[in-house]
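Undergrad: Here are the chains, one letter per residue:
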Amino acid sequence: MKKQTWKEMKLQYPDEWLLITDLEQDQYGNTEAGVVIRHSNNEDEIYKEPLPDKPTAMFYTGESTFSGLRSHVEIADPV
Amino acid sequence: MSKLLIPFDSSRHHIYVEFELLDDKGIVRKGRGILDTGAPRTEFADSYLSHLGILDIGHNADVKMPDGQQTKKYHKIVLPSVSICGHHFKDTEFIVSRFEKSWGIHALIGLDLFRNARITIDYKSAQIISEPYELKNQLVKP
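For the record, the sequence lines run as chains Z and G.
Residue numbering for the first sequence follows the working numbering, starting at 1 and increasing by one per position.
Residue numbering for the second sequence follows the working numbering, starting at 80 and increasing by one per position.
Hints in this document: simulated from the structure, not taken from any laboratory.
Each residue gets a CB set at the ideal place from its N, CA and C atoms; glycine is no exception.
Certain hints may be false.
Quick list of simulated restraints, FRET-style, between CB atoms [unchecked claim]: (1) G:Val107 <-> Z:Asp44: 17 to 23 Å; (2) G:Gly132 <-> Z:Gly68: 17 to 23 Å; (3) G:Tyr202 <-> Z:Gln25: 22 to 28 Å; (4) Z:Glu63 <-> G:Thr116: 15 to 21 Å; (5) Z:Lys3 <-> G:Ile106: 17 to 23 Å; (6) G:Lys169 <-> Z:Thr5: 20 to 26 Å; (7) Z:Glu45 <-> G:Asp88: 38 to 44 Å; (8) Z:Asp22 <-> G:Gly132: 19 to 25 Å; (9) G:Tyr202 <-> Z:Asp44: 30 to 36 Å.
Not close to chain G: a few residues of chain Z, all C-beta gaps over 12 Å, as computed [stated by the list, open to error]: (10) Met1; (11) Lys2; (12) Lys3; (13) Gln4; (14) Leu11; (15) Gln12; (16) Thr61; (17) Glu63.
Isolated chain G, as found in the complex:
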């Protein structure tokens, strides 16, 4: 994979990133998350995964947020196919969280993305620049 330039709207308060995953029927569903460089791992909203038929919330329906917080991590799930910023995650484990409804997003995109590639957030040009580590290594070889 070559270098990717992903534009974002720098006038907004957060950096919104589109992602896509496959639902329980293998149909592409696109959603939106916030790039959260303080999150060690990407989290998906349980309600979203449930609506897509991927997650059965079941007895976790009464999960409550800790006082003063807007989210609660409570589960892990292996998703067969997720694409974020041009990076494809196959059969990868993600965190499932209860999000505050008013967040208006389906995911917090965490550092998993940064482990896959060299990510630069260029606010001046309003772009996320994603470069695979392999390419970088090839360039420095004699």
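Just chain Z, with the same shape it has in the complex:
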């Protein structure tokens, strides 16, 4: 498997979850490149096998559907 830049990953795996190893980051700590070892449009598929015992990144290449609708109620009695 070859190392790819984040831009290349987005083009090759649109709207997919990626598990990336051999991470390279820019001076700001953002992931710039790595090796995609798993990919799927279902996040759970990525975790079917144990994660490798080395640093990984898990990113979605698509756009989030987050619309800001969320509860801000504090948890009074945490589990």
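Chain Z is fixed; fit chain G onto it per the hints.
TA: For chain G alone, coordinates are given in the frame of chain Z:
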């Protein structure tokens, strides 16, 4: 810590921020969240923490979203090590939430970050500017 400039993609609908935390074996796992200035505290997706071996969802597997919402806060967890935008949170409590799957993120980065530093979101230059409060105080001392 000195001033940090963290670039983001201003062409996207949200401001995506990378974070890293340690899993149950102490291995670095990087994920991505959305900077949410309306969230009082940072929330992590329960499924993500569970997959990393940090959280046992157990009897909370049937937690449901309230009608009309895309998330449900239901737990708190102390994480040993989390880094966001150059800020390190050690043994810090975070909220655990069930996220809508289609969000495609692992966290909503909330105001905890802003309590740690002076944060400026500069859309024109597509940068998050993070300045420690201590540095600011040192600069104004005579």
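Undergrad: Now tell me if each hint is right for this structure.
TA: Hints, one by one, checked against the model:
For Val107 (chain G) and Asp44 (chain Z), the hinted distance range of 17 to 23 Å is satisfied, since their beta carbons lie about 22 Å from each other. For the pair Gly132 (chain G) and Gly68 (chain Z), the beta carbons lie near 31 Å from each other, so the given range of 17 to 23 Å is not met. A hinted range of 22 to 28 Å for the beta carbons of Tyr202 (chain G) and Gln25 (chain Z) is consistent with their spacing of about 23 Å. Here the CB-CB span from Glu63 (chain Z) to Thr116 (chain G) is close to 19 Å, well matched to the stated 15 to 21 Å.
Checked against the hint of 17 to 23 Å, the C-beta distance between Lys3 (chain Z) and Ile106 (chain G) comes to roughly 20 Å, which is consistent with it. For Lys169 (chain G) paired with Thr5 (chain Z), a C-beta distance near 32 Å fails the hint of 20 to 26 Å. Look at Glu45 (chain Z) against Asp88 (chain G): about 26 Å separates their beta carbons, and that is not inside 38 to 44 Å. Our hint of 19 to 25 Å for Asp22 (chain Z) and Gly132 (chain G) holds, since their Cβ atoms are close to 22 Å apart.
Between Tyr202 (chain G) and Asp44 (chain Z) the beta carbons are some 35 Å apart, a value that agrees with the proposed interval 30 to 36 Å. Every C-beta of chain G lies more than 12 Å from that of Met1 (chain Z), the closest at about 18 Å, which supports listing it as non-interface. The claim that Lys2 (chain Z) is not at the interface with chain G holds, since no C-beta of that chain comes within 12 Å of its own (minimum 20 Å). With 12 Å as the threshold on Cβ separation, the claim that Lys3 (chain Z) sits away from chain G holds: the shortest Cβ distance comes to roughly 16 Å.
Annotated as non-interface, Gln4 (chain Z) keeps its C-beta farther than 12 Å from every C-beta of chain G; the closest such distance is 16 Å. Distance to chain G confirms Leu11 (chain Z) as a non-interface residue, since its nearest Cβ pair spans about 15 Å, more than 12 Å. The non-interface label for Gln12 (chain Z) is consistent with chain G: the shortest C-beta to C-beta separation is roughly 17 Å, beyond 12 Å. Remark: the non-interface label on Thr61 (chain Z) conflicts with the geometry, its nearest Cβ contact in chain G lying 8 Å away (cut-off 12 Å).
For Glu63 (chain Z), the condition that its CB be more than 12 Å from all CB atoms of chain G is violated, with the nearest at approximately 6 Å.
Of the numbered hints listed earlier, those contradicted by the structure are 2, 6, 7, 16, 17.
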